Amino acid sequence: MQIQYHSLFRGLAVAVCLLAGGAISLPAAEKEPTDADLKVWTDGKVAQWRPTAAERRFDEIGWSESLTAARQLSSESGRPVFLFTLDGRIAIGRC
Amino acid sequence: MRTGPFSQTPVIEKLNACFVPVYLSQEDLAAEGTALASDKQAYQQMIREAAGKGLSTGTVHAFVLAPEGHPLDSLHVAEAAKAKTLLAMLDRAIAKLKVEAGKPLVAPKPQSCAPECEPGSLVLHLTSRPLAGGGSWDGVSENWIVYEPGEIGGLLSPGKPAVGMTWKIDEKLATRLLTHVYPVTENNDVTKNQILEQSLTGRVLSVEGNRVLARLDGRLKMRHNFYHKDDGNTVEATLTGYVEFETGERPRIKSLKLATQKATYGGGEFGVAVTQAAAASR
Numbered sequence: 773m774q775i776q777y778h779s780l781f782r783g784l785a786v787a788v789c790l791l792a793g794g795a796i797s798l799p800a801a802e803k804e805p806t807d808a809d810l811k812v813w814t815d816g817k818v819a820q821w822r823p824t825a826a827e828r829r830f831d832e833i834g835w836s837e838s839l840t841a842a843r844q845l846s847s848e849s850g851r852p853v854f855l856f857t858l859d860g861r862i863a864i865g866r867c
Numbered sequence: 002m003r004t005g006p007f008s009q010t011p012v013i014e015k016l017n018a019c020f021v022p023v024y025l026s027q028e029d030l031a032a033e034g035t036a037l038a039s040d041k042q043a044y045q046q047m048i049r050e051a052a053g054k055g056l057s058t059g060t061v062h063a064f065v066l067a068p069e070g071h072p073l074d075s076l077h078v079a080e081a082a083k084a085k086t087l088l089a090m091l092d093r094a095i096a097k098l099k100v101e102a103g104k105p106l107v108a109p110k111p112q113s114c115a116p117e118c119e120p121g122s123l124v125l126h127l128t129s130r131p132l133a134g135g136g137s138w139d140g141v142s143e144n145w146i147v148y149e150p151g152e153i154g155g156l157l158s159p160g161k162p163a164v165g166m167t168w169k170i171d172e173k174l175a176t177r178l179l180t181h182v183y184p185v186t187e188n189n190d191v192t193k194n195q196i197l198e199q200s201l202t203g204r205v206l207s208v209e210g211n212r213v214l215a216r217l218d219g220r221l222k223m224r225h226n227f228y229h230k231d232d233g234n235t236v237e238a239t240l241t242g243y244v245e246f247e248t249g250e251r252p253r254i255k256s257l258k259l260a261t262q263k264a265t266y267g268g269g270e271f272g273v274a275v276t277q278a279a280a281a282s283r
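In order, the protein sequence lines correspond to chains V and Z. By my numbering, the letter at position 49 of the first sequence is numbered 821, and the numbering carries on one by one without gaps. By my numbering, the letter at position 220 of the second sequence is numbered 221, and the numbering carries on one by one without gaps.
Quick caveat, the hints were computed from the structure, so don't treat them as lab data. Wrong hints could be hidden among the right ones.
[Said to hold, decoys possible] BS3-like, lysine-lysine: derived pairs with alpha carbons at most 25 Å apart: (1) V:Lys803 to Z:Lys263; (2) V:Lys803 to Z:Lys173; (3) Z:Lys255 to V:Lys811; (4) Z:Lys54 to V:Lys811; (5) V:Lys811 to Z:Lys41; (6) V:Lys803 to Z:Lys222; (7) Z:Lys169 to Z:Lys255; (8) Z:Lys41 to Z:Lys54; (9) Z:Lys173 to Z:Lys255; (10) V:Lys811 to Z:Lys110.
[Said to hold, decoys possible] Derived, one-sided and incomplete: chain Z residues facing chain V with beta-carbon distance under 7 Å: (11) Thr4; (12) Gly5; (13) Asn17; (14) Leu25; (15) Ser57; (16) Thr60; (17) His62; (18) Ala108; (19) Ser142; (20) Glu143; (21) Ile146; (22) Pro150; (23) Ile153; (24) Ala274; (25) Thr276; (26) Ala279.
Predicted model only: the values in this text are computed from it and were never measured. Glycine included, every Cβ here is placed at the ideal spot set by N, Cα and C.
Using the sequences provided together with the hints, build the complete structure.
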């Protein structure tokens with residue numbers, strides 16, 4: 773009987789752990805903002821994480837709208853075309 | 002590349018002074034893609050010629066083309082990502098073609114912009130960035146999410162708002178936003194994301210006349226592969242924020258902001274911030 777109780781207890785313990793694991797599988801908040809500090813907290817995070825000027829220096833390059841336009845300008849100016857091809861969208865950093 | 006060599010002063014200056022820079026996405030260059038037909042044709046011709054000359058080719062690649070359109074040089078992205086190697090390729094072309102430095106031929110302008118949309122639409126700008134522990138690429142990524150005027154009511158409390166009233170945001174509308182809550186990875190086809198659990202709810206905090214402030218709380222568990230193959234990686238995130246809106250026949254959102262309280266992926270943590278952006282009118 774002792775072994776059976778032990779097995780039962782272990783089974784229950786495992787089940788409780790699995791259920792608890794499922795219930796808390798999402799990451800816990802480090803400090804949940806209260807209703808009172810909600811706007812300050814959210815505004816702070818948005819300001820902190822939005823792209824900085826340094827992270828958008830890509831915009832400082834004078835990119836042509838198309839390869840056709842770039843080749844036309846290249847032909848007229850004598851400057852070579854620099855072409856970068858990619859999967860995804862480099863303008864938004866999703867590539 | 003965006004926050005790597007393309008953000009470094011020597012590369013920016015050299016591209017602007019001596020080249021005609023252009024970037025093209027393979028999605029656009031595909032048969033059904035949105036690139037100009039002339040771009041697709043020129044690209045295919047250039048790739049064939051580059052391969053014939055023994056230059057490296059590939060989908061993610063840097064090329065230098067002579068003013069006559071012929072490929073001169075190329076680098077795989079793994080090499081182009083090294084600023085020194087990229088600069089060396091640019092310098093070879095400048096020397097070979099005896100290029101004289103000058104002003105940019107195309108005026109630089111922001112490349113990540115709100116999409117054009119119907120007047121009265123709600124445009125949200127989402128930023129995702131790594132915070133700690135790895136699991137994603139460095140750098141920051143962005144998405145623009147649009148809700149058309151007729152959809153805005155589905156984001157807000159139904160009926161007359163009262164303090165304490167709670168509601169569940171239309172699941173389809175919430176999904177449009179939450180599917181972009183993932184860090185900087187190689188796979189950006191959100192149709193491959195699999196949402197396992199999601200919720201986005203509102204709770205009215207205050208009502209002053211027709212102006213309402215409500216708290217937003219969200220939760221997400223979503224399968225998202227780092228590359229385009231199954232790797233079991235999962236985003237787990239909790240989000241909090243607020244929405245301020247005016248009630249009426251056509252409710253109007255004055256402000257909407259959200260941020261992750263905690264978000265994990267691939268053993269690392271990342272942060273996502275969402276804010277309302279000015280829409281570009283059609």
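Do the hints match the structure? See the list:
1. V:Lys803 to Z:Lys263: holds (10 Å)
2. V:Lys803 to Z:Lys173: Roughly 29 Å separates the two Cα atoms, so the pair is violated.
3. Z:Lys255 to V:Lys811: holds (14 Å)
4. Z:Lys54 to V:Lys811: violated (60 Å)
5. V:Lys811 to Z:Lys41: violated (48 Å)
6. V:Lys803 to Z:Lys222: The hint holds at about 20 Å.
7. Z:Lys169 to Z:Lys255: OK: lysine 169 of chain Z and lysine 255 of chain Z at ~20 Å, within 25 Å.
8. Z:Lys41 to Z:Lys54: Status holds; Cα separation ~20 Å.
9. Z:Lys173 to Z:Lys255: holds (22 Å)
10. V:Lys811 to Z:Lys110: The hint is violated at about 32 Å.
11. Thr4: Holds: closest Cβ of chain V sits about 5 Å from threonine 4 of chain Z, inside 7 Å.
12. Gly5: This hint is violated: glycine 5 of chain Z lies away from chain V, its Cβ roughly 10 Å from the closest one there, beyond 7 Å.
13. Asn17: holds (5 Å)
14. Leu25: Since the shortest Cβ distance to chain V is 5 Å, the answer is holds.
15. Ser57: Violated. Min distance 12 Å.
16. Thr60: With a minimum Cβ separation of about 6 Å from chain V (threshold 7 Å), the hint on threonine 60 of chain Z holds.
17. His62: The hint holds - histidine 62 of chain Z has a Cβ within 7 Å of chain V, the shortest such distance being about 5 Å.
18. Ala108: It holds, given that the least Cβ distance between alanine 108 of chain Z and chain V is near 6 Å, below 7 Å.
19. Ser142: holds (4 Å)
20. Glu143: With a minimum Cβ separation of about 4 Å from chain V (threshold 7 Å), the hint on glutamate 143 of chain Z holds.
21. Ile146: violated (12 Å)
22. Pro150: violated (24 Å)
23. Ile153: Violated - the Cβ of isoleucine 153 of chain Z stays beyond 7 Å from chain V, reaching only about 20 Å at its closest.
24. Ala274: holds (4 Å)
25. Thr276: holds (5 Å)
26. Ala279: Where the cut-off is 7 Å and the nearest Cβ of chain V is about 14 Å from alanine 279 of chain Z, the hint is violated.
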